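One letter stands for each residue in the lines below.
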Amino acid sequence: MSDYENAIEIKNLTKHYDGFTLDNISFNVPKGSIMGFIGQNGAGKSTTINTILNIIKADSGEILVFGQDTRTADVRIKQDIAAVFDELPFHEQLNAKALDKILRHFFNGWSSEVFFKYLERFQLPTKKKFGQFSKGMKMKLQIAAALSHNAKLLIMDEATTGLDPVVRSEILDIFLEYLQDEEHSILMSSHITSDLEKIADSVTFIDRGKLLITGYKDEILENHGVIKCSKSDYQNIEKGDIISARVSDFGVEAMVSNRQAVSAKYSGLVIDPTTLEEIMLFYVNREKKEWC
Amino acid sequence: MKGLIFKDIYISRKRFYIGTAIYLSWLMMCILVKLSAAHGNLRLLGDEVVKHVENVTFYVALFGLMMDIAGFVVNNAESDKTTRWDIYRRTIPYTEKQIVGSVYLSNAITIGSALAVHTFFSLVVCAVFGEDFKPWFFFTFLSFGLFIYLINSFNLFCQYRFRDPKKAKLVYTAVLFAIYFGTCVALSTALAASAPGDDPVKTEQFLKDTGKSFISFLKNYAWTIPVICMILIAVLFFASVKAYARPADSGKPPIENEEKPKKTFFGKLKTAAEGDDN
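Here the protein sequences line up with chains A and B, keeping their order. Take numbering that gives the first Met the number 0: the last position of the first sequence gets the number 291, and nothing is skipped along the way. Take numbering that gives the first Met the number 0: the last position of the second sequence gets the number 277, and nothing is skipped along the way.
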């Protein structure tokens, strides 16, 4: 694998389905970082991930993984990619020991020792069939398998959805360990924005097939803010300065994407820091402009 | 490909245990019948009956048990689809040829092993019944094994081509029925042409001539059966690789994270008949 700056580079990715279009998506996942990929259900996250993994073919655009075009790259590139899906893709009749026997022949870098250490850490039984695992156990198993062949890129599609906070926290710590040597990268799609706020370096937000925001998480949070004001004050704000506004009987909350400029323009207004979840909410309602 | 082969055989192992248990049970029964005919109560039925029973039991042990080889095929396409292993499989570092090839190899291993075991036990049966193991026995086992391999290869092709296990089963079953009924219709038509008005003499003559032609074909051209089977298996292999190589969403694409509307029975039949658009 030659030197590369970005683990994943996506340029003008487009994919059409009946009733849905992934429209001109472009973003990069820098080497050694975690990219949080957020969006509602049906936004296009899984479609994007599936095109990166070459499960489906894009209609147009370019996808580079480790600097190589996925359409023409040698299949050996997959040695360094680990995928984690929202559901366990292994047969229910298998157990961890059998899975180890299978996967060690797939990946050159597979380490049974590392795999069983993760199983021990996650308190997963080695002889119990996967059909008897709970959802949390299945997800931990997938992650253990993904982390056991020294993959340079971990791609996760809603991997932490449905897990309890304790398990999620444990898994997020493991991801931070995984990234320590700066050779590993993670692309993680989720609509649990609090997880991404904890660990993501950069964030890409997609909605209804369109890319809305991409960039460093801290910068995005720094630039965005929520104006909390009365309805009368809200009338004085130009609609072009806000993303959308939540109007209630008690007042108005309006999201802005350029906190400094808006703060200078409307000096009397207080602009509070925001969260990724709020950003997502307000952007999703951007076309309505005002919602409740 | 070792991992893929191990996975396929591991998933199918319960079926193999059942097939082995059935085989051994029937084999034991055949041997017990022979022992009873030689030393037990069956002797009391008289020499002619005993000889007839021994003869039937001998051929059941050889060719009836041969059918058990069909239980050793490997075809996990449906469970692969249900568990989404078919999606995960696209992320592992194997080419399409290797992935499809692993299934073919798994089948070669399991059917080949079943064939070898059956040949061995056939030798034992021949020894127990005091019969010679004729070369055409093994030729029949081999041809049957290849035929089963061919049928399963066609089933696999349907799974890769149509992606939906139900649709694949429908097409696979429809084609086999078409071949079966087509053969029946062809024979009936030939019989009707040779023996118009259901003339019993001409009917008997037709059946004798057909039987003679069949035996003559087997005597002179039997070797073509395994050769044709192998050629068709090779064709189906390459067709399967091509079908598998299509992206996972070719044909009717999935709607992201939404449930598909339920179809009526006739709606499902219509969709299955239409197949994928490719």
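Mixed in with the good hints there might be a few duds.
If you only want the chain B side, here are some residues facing chain A, beta carbon under 8 Å, derived [stated by the list, open to error]:
id, residue
1, Phe-5
2, Arg-89
3, Thr-139
4, Phe-161
5, Asp-163
6, Ser-193
7, Phe-236
8, Phe-237
9, Val-240
Think of the hints as simulated: they come from the structure by calculation, not from any bench. The structure displayed is predicted, hence computed values, not measured ones. Beta carbons: idealized from backbone N, C-alpha and C, even for Gly.
### Message
Are any of the numbered hints broken by this structure? If so, which, sorted upward?
### Response
Hints 3, 4, 5, 6, 7, 8 and 9 contradicted; others consistent.
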